[in-house]
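Q: These protein sequence lines are chains A and B, in that order. Taking the UniProt record's numbering, the leading residue of the first sequence gets 1, the next gets one more, and so forth. Taking the UniProt record's numbering, the leading residue of the second sequence gets 1, the next gets one more, and so forth.
Mixed in with the good hints there might be a few duds.
[Unchecked claim] Distance windows between CB atoms, simulated:
1. B:E179 - A:D131: 49 to 57 Å
2. A:E34 - B:T675: 51 to 59 Å
3. A:E122 - B:A124: 45 to 53 Å
4. B:A142 - A:E34: 39 to 47 Å
5. A:P39 - B:D373: 53 to 61 Å
6. B:E321 - A:D131: 32 to 40 Å
No lab work stands behind these hints, which were simulated from the structure alone. Using N, Cα and C, we set each Cβ at its ideal position, and we do this for glycine too.
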Amino acid sequence: MTRRTTAAFEASLDGLDVGRTRTTPGGFEAVLREVVRQPAVGVPLPDEGLSLPASVTTDATPAELADAATGVTAAALGIADYGSVVLPSTATGAEQVSLFPPLHVAVLRESDVVAGMPEAIERLAPLLRDDRGSAVVATGPSATADMGDLVRGAHGPEEVHVVIVEDDEGTRNGTVDSAGDETSDAGEGGTTGSVDAGPAGDGDE
Amino acid sequence: MSESDEMRAARIRELMETEGDAVADGTRGFNAGRYESVADLDEYEELKDGARAIKEDAIGRLPELLDRLEAAVEGNGGTVYLAEDAADANRYVREVVAGKDADRVVKSKSMTTEELEVNEALEADGVEVVETDLGEWVLQVADEAPSHIVAPAIHKSREGIAELFNERFDPEEPLETAEELTRFARERLGELIEGADVGMTGANFVTADSGTVALVTSEGNARKCAVVPDTHVAVAGVEKVIPSVEDLRPFVELIGRSGTGQDITSYVSFLTPPVASPAVDFDDPDAPMADGAIGGDGAGDDPDREFHLVLVDNGRLAMREDEDLRETLYCIRCGACANSCGNFQSVGGHAFGGETYSGGIATGWEAGVEGLDAAAEFNDLCTGCSRCVPACPVKIDVPWINTVVRDRVNRTDGAGEFDFLVDGLTPDEEPGGLDRTKRLFGNFETLAAWGSRTAPLSNWVADSAPARWAMDRWLGVAPERDLPEFERETLVDWFAARGSRVTADDARREAVLYPDVYTNHVAVDRGKAAVRTLEALDVRVSVPASAAVGSGRAPLSQGMVSTARRQAERCRDALVPELERGRDVVVVEPSDLAAIRREYEKLLPEGDHERLAAGSYEVLEYVYGLLESGADGSALGDGDDEGGAVNYHAHCQQRTLGLEGYTVAVLERLGHEVTTSDTECCGMAGSFGYKSAYYELSMDVGEPLAEQFGDDDRTALASGTSCCEQLGALLGRPGTHPVELLDPDSPDQ
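Given these sequences and hints, build the entire structure.
A: Dropping the structure here:
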């Protein structure tokens, strides 16, 4: 992943009015304590280098889920063109935790940001086909225009915050960052990332 | 107006008054968003081609894909049921729901379940069914039918919804703002979802390789319906199946943009059920949800979950065998065809609709799943303007499907009444009993020839009060609309007497000016201007009498396909020899060029169509080409940078063909400052505004154009005859064809 792709992803998030914080694995817990609003629920993160602070309940009951102000889950991918995060479903309830509370905090490794939809689908295919997994491509908060004007937080979160965790030098996925990255990224194309906050209707079903 | 016309006009008038404003705001907003969003997409055309190819392939080998899908879903631990028709699908769903002892089913919006009327079937069993999409819920509360595929309650204003909720639910504080209404709905529906036993969704796409159901939504209710109850029933037409996960890509990038103008909707869920997410038992609020073990039949590896995929045929497999309706199955139900439709923008789906689907491609769906009767109702509202064609992400020729269905309706309608008024004017290939109004407009060529022969008497008689009354009463011709005035001297006659002014030796090119029916009999000055303009650019022009035939456009608009085919063949016989002599074909009337370039593909053998399409040009497109290749434009009208500011409304079919830019470029080259119209449609679309039943709708569709062009006294230009007439009616001053500005002998030069 290159700096340019991350920058495009961040610009897309800004266009969606989605909050974002960049941090390192070392700074992660502190950032999370700052970003979440209490009470908070979460699911265990698959990334062994990251753990949630104790203030985030990771084994939520339906009552805690319904009362939570924040839900914290991992994102498997970020899609730079759209500012989307890809949220896999898990038996620990990541789908519900990302959906019910009014604020969703998505935790994303910088190395998992891809340029566009072709790359995202390519990365998703093994999850969906081989592992029979499920995931949602979530772009900005839940929204509706059905009541005569655009309103956020129709059934899902009205606010989304993405915590982008920079890669450790030693565990970086792919090449080590270098000056060459600024010009070596040919992977971007397609859209600019500006997702308009236009009227939100649902495609057919 | 006849009684049935009067009823139709009254119904349209009522819908324009009650729902028109809300529909106009919504659809025009979606449509403008679409233009903006696809402009950002570098690969838009490639993505559309890709999406179309995937659908063609998938529908082509649908039986095989259905087998693979069934194996995949069952391998995952789910169940697949292929339902023959609505009754069969409903019976299965009722059994599943009864098997769960379910009291409440929560649903995410699905047009397919509207088609089946699943809610009614379940409610008959005493099951509470709750629509959780906010728009769909509004309709459920109001007991109304959807008026749009994507935004079902698009016809309801915020004020109307507030009034409905306040009356129905009597909240402590009256609800007013969109925010308040949304929060109220969220809370109420949230509780209903939490206590539900079964969740139902539709499916936008289903992948055969993995059994993944893709759901495109923005609110999040589909996600909740799918994962909160332990049982998920997804209902989808068989046409939703695509081969593989990788094939999802173009659709994910196109569907939101095409439908609502969003680059992507908030949520695109890829569920491979039974999903891993734990079912949430809100009745046991203190047991950690991930520990839940609710159990159920057919849950495969995951004992917590049950999944049923109900694939619905209900006429679709027969549509697959129907050459003309087959393309309907490529539809991804984004609603772009409705949003881009001028008439839909004015009245919405309640005027357009059959039993379930409304607007644009809906005629194909209604004809396929409900039958011709449902499709016939208001199929007339498609004017064939073709603005939906470039909007469709899978490149379906929606107007053609409407034409074919109209033709089938024509052939099954009526009892063969003897139509003495029209009979002498109808040398067509159509069966008896065809609607008189359609027959009249479909045979305009014959009427025009008679009108010219007897002008000016024909004009005087036609315009007399008794004649207008009779035309309205018997033929459905709107008395408010000025009739075309026929010229005694046709363009062909004028040219035959005058001859060419450019010798073969001096000629840059040789061209045949195609004398379409309007240019030949009515707008003769426009034809003369075209001849003089081309000659000023050193083109040796001819106007052959043998080509003075209808292109087939008029009968096509009325769904008279056989008559149109016969005319297309005559046209080909006249024009192909001209092409063989090395001449170009230049066409003044854009709808005739559209027939040649687009519809002849369906009417003529492939080679003939390709030859005519490649050798024919719109007149300003041709002028542009001549100027670009070095012709001297200084002899043209306003050729010395003296042109003023003009307003220009390009003909709808001309824009679909991508030709608007040529006219603008030529006018700018001659020094004009050009403002182009923002609206999709002027509302006239050939014969549409002449029809008594539709006159008011036609004028309503033209309103945005009147607003944009009515504020100044600039020359209003339009490329089509009927656009010029509509501009005249809207602005009180007639529209001018751009070629008349270029005419070296124009009176104002």
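Q: Run every hint past the structure and note whether it holds.
A: Consistency of the hints with the structure:
{"no.": "1", "hint": "B:E179 - A:D131: 49 to 57 Å", "in the structure": "40 Å, violated"}
{"no.": "2", "hint": "A:E34 - B:T675: 51 to 59 Å", "in the structure": "53 Å, holds"}
{"no.": "3", "hint": "A:E122 - B:A124: 45 to 53 Å", "in the structure": "47 Å, holds"}
{"no.": "4", "hint": "B:A142 - A:E34: 39 to 47 Å", "in the structure": "45 Å, holds"}
{"no.": "5", "hint": "A:P39 - B:D373: 53 to 61 Å", "in the structure": "58 Å, holds"}
{"no.": "6", "hint": "B:E321 - A:D131: 32 to 40 Å", "in the structure": "38 Å, holds"}
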